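Visitor: Numbering (this note's numbering), first residue to last: 156 to 227.
Bear in mind the hints are in silico, worked out from the structure with no lab data behind them.
Any given hint might turn out to be false.
Simulated restraints on C-beta separations [claimed, not checked]: (1) SER198 with ASP157: 31 to 39 Å; (2) ASP157 with GLY205: 30 to 38 Å; (3) THR207 with ASP157: 32 to 40 Å; (4) ASP157 with GLU204: 28 to 36 Å; (5) SER202 with PRO176: 18 to 26 Å; (6) PHE179 with ALA208: 13 to 21 Å; (7) LYS209 with PRO176: 27 to 35 Å; (8) PRO172 with GLU204: 16 to 24 Å; (9) ASP157 with SER188: 16 to 24 Å.
The structure displayed is predicted, hence computed values, not measured ones.
Glycine included, every Cβ here is placed at the ideal spot set by N, Cα and C.
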Amino acid sequence: MDLTAEQRAILSLCLLPEVGPAQFFRLVSCFGSAEEVLAASLSELASVEGVTAKLAGRLTAAAGGADAEHEF
């Protein structure tokens, strides 16, 4: 079964240990979708409450989605 782009983005976010339910909700609420979270720039991500520079970098790296495809 193929994943949609949004499903891959959700899975990519959920695979990051620093992104729990509250952080996931904050990110998606701020950007509108999981896809938009992964498309955001480092500075945009860092402007979200609770997002450190390290997490912003990991979110940017997760945008490739390879881990999500592998997990599925």
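Visitor: Now, for every hint given, state plainly whether the structure supports it.
Guide: For each hint, the structure was consulted:
1. For SER198 and ASP157, the Cβ-Cβ distance of about 33 Å falls inside the hinted range of 31 to 39 Å, so the restraint holds.
2. Separation of ASP157 from GLY205 is about 32 Å and conforms to the stated range, judged on CB atoms against 30 to 38 Å.
3. As the Cβ distance of THR207 to ASP157 is approximately 33 Å, the hint placing it in 32 to 40 Å holds.
4. Remark: the range hint 28 to 36 Å for ASP157 to GLU204 is upheld by a beta-carbon distance near 34 Å.
5. In this structure, SER202 and PRO176 meet the distance hint of 18 to 26 Å, their C-beta atoms being roughly 21 Å apart.
6. A beta carbon spacing of about 19 Å between PHE179 and ALA208 agrees with the range 13 to 21 Å that was offered as a hint.
7. Between LYS209 and PRO176 the beta carbons are some 20 Å apart, a value that contradicts the proposed interval 27 to 35 Å.
8. Taking 16 to 24 Å as the suggested C-beta distance range, the pair PRO172 and GLU204 conforms, at roughly 18 Å.
9. For the pair ASP157 and SER188, the supplied restraint of 16 to 24 Å holds, since their beta-carbon distance comes to about 18 Å.
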